[in-house]
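All chains, full assembly: derive it from the sequences and hints.
The residues making up each chain are set out below.
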Amino acid sequence: MNPRIYIITILVLGFIGFADATYLTATHFMDAPPGCGEEGGCGEVTSSEYSTLFGIPISLFGIMFYLSMIFMSLLWLDRKPDFVALVLPIFSAPAFLFSMWLVYLMLFVLEAICWYCMGSAASSTLIFITSFLFWKSQQ
Amino acid sequence: MSEKKSNPALWFGATGILLLVALAVVYWAYSENQARTESMTVNTSSDQGLPEYNVQNWIKGNPQADQKLVVFSDFGCIHCARFHAVINEFFEEYDGDKLAFEMRHYPINNNFHSRAAAVASVAAGKQGKFWEMTDLLYFNTDHWRSENPEAGFMGMAEYLELDLERFRQDLYSEDIMYNVVRGHLAAQQFGIRATPTVFLNGEQIQTPQTLDQMYALIGGRTP
Numbered sequence: 000m001n002p003r004i005y006i007i008t009i010l011v012l013g014f015i016g017f018a019d020a021t022y023l024t025a026t027h028f029m030d031a032p033p034g035c036g037e038e039g040g041c042g043e044v045t046s047s048e049y050s051t052l053f054g055i056p057i058s059l060f061g062i063m064f065y066l067s068m069i070f071m072s073l074l075w076l077d078r079k080p081d082f083v084a085l086v087l088p089i090f091s092a093p094a095f096l097f098s099m100w101l102v103y104l105m106l107f108v109l110e111a112i113c114w115y116c117m118g119s120a121a122s123s124t125l126i127f128i129t130s131f132l133f134w135k136s137q138q
Numbered sequence: 000m001s002e003k004k005s006n007p008a009l010w011f012g013a014t015g016i017l018l019l020v021a022l023a024v025v026y027w028a029y030s031e032n033q034a035r036t037e038s039m040t041v042n043t044s045s046d047q048g049l050p051e052y053n054v055q056n057w058i059k060g061n062p063q064a065d066q067k068l069v070v071f072s073d074f075g076c077i078h079c080a081r082f083h084a085v086i087n088e089f090f091e092e093y094d095g096d097k098l099a100f101e102m103r104h105y106p107i108n109n110n111f112h113s114r115a116a117a118v119a120s121v122a123a124g125k126q127g128k129f130w131e132m133t134d135l136l137y138f139n140t141d142h143w144r145s146e147n148p149e150a151g152f153m154g155m156a157e158y159l160e161l162d163l164e165r166f167r168q169d170l171y172s173e174d175i176m177y178n179v180v181r182g183h184l185a186a187q188q189f190g191i192r193a194t195p196t197v198f199l200n201g202e203q204i205q206t207p208q209t210l211d212q213m214y215a216l217i218g219g220r221t222p
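Heads up: the protein sequence lines correspond to chains A and B, in order.
Residues 0 to 138 in numbering that gives the first Met the number 0 are what the first sequence spells out, letter by letter.
Residues 0 to 222 in numbering that gives the first Met the number 0 are what the second sequence spells out, letter by letter.
Possibly wrong hints are sitting among the right ones.
[What the hints assert, rightly or not] So the derived label-pair ranges between C-beta atoms look like this:
| hint | chain 1 | residue 1 | chain 2 | residue 2 | range |
| --- | --- | --- | --- | --- | --- |
| 1 | A | M99 | B | A215 | 39 to 47 Å |
| 2 | B | D162 | A | M29 | 43 to 51 Å |
| 3 | A | L52 | B | Y171 | 32 to 40 Å |
| 4 | A | F70 | B | Y29 | 25 to 33 Å |
| 5 | A | E48 | B | K97 | 31 to 39 Å |
| 6 | B | F11 | A | P93 | 29 to 37 Å |
| 7 | B | A215 | A | S67 | 40 to 48 Å |
| 8 | B | S30 | A | P2 | 37 to 45 Å |
| 9 | B | N139 | A | F28 | 23 to 31 Å |
| 10 | B | Q203 | A | F82 | 49 to 57 Å |
| 11 | A | F131 | B | G15 | 28 to 36 Å |
| 12 | A | S67 | B | G95 | 49 to 57 Å |
| 13 | A | F28 | B | T14 | 18 to 26 Å |
Keep in mind the hints are simulated off the structure, nothing from the lab.
Ideal Cβ positions, reconstructed from N, Cα and C, are used throughout, including at glycine.
Okay, structure coming up:
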């Protein structure tokens, strides 16, 4: 498959994840729980003790991660440096593992689900898979 | 490395889209928050519709007051503590005769001992210090959300000069624990899912976040 398709997929997922994480960060700083319907547990999740790391909201780390993915994809589209194929999976693997940890916390510890957080976990998972496929295609 | 020339349009375009997306999302979050604040209106309907169960009610203010505010709350939940601070502030200057504020336990995070905290508040209530204990529990969660919550509860009881032996007995009283669980289950059955969930005169409302919002709800800012 054309490697461009992988990169454009990562770019699109990066934009989606960026929008999602920006929304979560905005609601964090506005002190308002994200709106997610009557049954949603968004407030419970985003106000839990797990929602920040070293006093920084986790969604802010998300923004930085998605920005770095977007930057790497653009760099490849622009100049096609070889290292991008290696950097993408190396960056997205820890993000993927961390997302799994957050999903675990939501399902089994907090027992409340925040769909925006799930969305971000899904996009970082897809980014990891796509970047792995891209790396394989470049071998 | 390839010999391709850099493509500035790609970078400018992507940066532009990023900025637009960020602006749109922040604006959306902001307007959603505004709408939520504005949707809070004064309700005067009856007290119907709340779950009725046979546990003691903890009411601050005048239980006979026309206005009745009920919160389903968890001692371990940050937003509940924040709301409780607003309530405390409100009762400091508001005529307590005009409002009944009832707290119902909804210990949603059982695994952080918040059910035990609910029991501790009732145990203190048995010695007439429910609200004093409630304040301590909300604002010192690190003392009891720990390996040894009992030490935290006992420390608070000591601070409130309770009868420690009796308090410890009540802390492990099955009766109190079952009552808390009964209340929790009834509320769950009724449809409460999150904390804090606030009812004013039987109508569910958005949780007031500031003193001004409290006055907007209850009415009448006293000098």
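Does the Cβ-Cβ separation between F70 (chain A) and Y29 (chain B) fall within 25 to 33 Å? holds, 27 Å
Using the C-beta atoms of D162 (chain B) and M29 (chain A), is the stated range 43 to 51 Å upheld? holds, 45 Å
Looking only at beta-carbon atoms, does the pair S30 (chain B), P2 (chain A) fall within the given range of 37 to 45 Å? holds, 40 Å
Given a hint of 29 to 37 Å, does the C-beta separation of F11 (chain B) and P93 (chain A) actually sit inside it? holds, 30 Å
Holds or violated: 40 to 48 Å for the Cβ distance of A215 (chain B) and S67 (chain A)? This hint holds: roughly 44 Å between Cβ atoms.
Holds or violated: 28 to 36 Å for the Cβ distance of F131 (chain A) and G15 (chain B)? holds, 30 Å
Whether the CB-CB distance between L52 (chain A) and Y171 (chain B) falls inside 32 to 40 Å: holds, 36 Å
With 49 to 57 Å as the target window, see if S67 (chain A) and G95 (chain B) comply at their CB atoms. holds, 55 Å
Kindly confirm whether 23 to 31 Å is satisfied by the beta carbon distance between N139 (chain B) and F28 (chain A). Check passed, 26 Å falls within 23 to 31 Å.
K97 (chain B) and E48 (chain A) - C-beta distance against the hinted 31 to 39 Å: Holds, since E48 (chain A) and K97 (chain B) (Cβ atoms, about 36 Å apart) stay within the stated range.
Holds or violated: the 49 to 57 Å window for the beta-carbon distance between Q203 (chain B) and F82 (chain A)? holds, 55 Å
Range hint compliance [Cβ, M99 (chain A) to A215 (chain B), 39 to 47 Å]: Check passed, 43 Å falls within 39 to 47 Å.
In summary, this structure violates none of the numbered hints.
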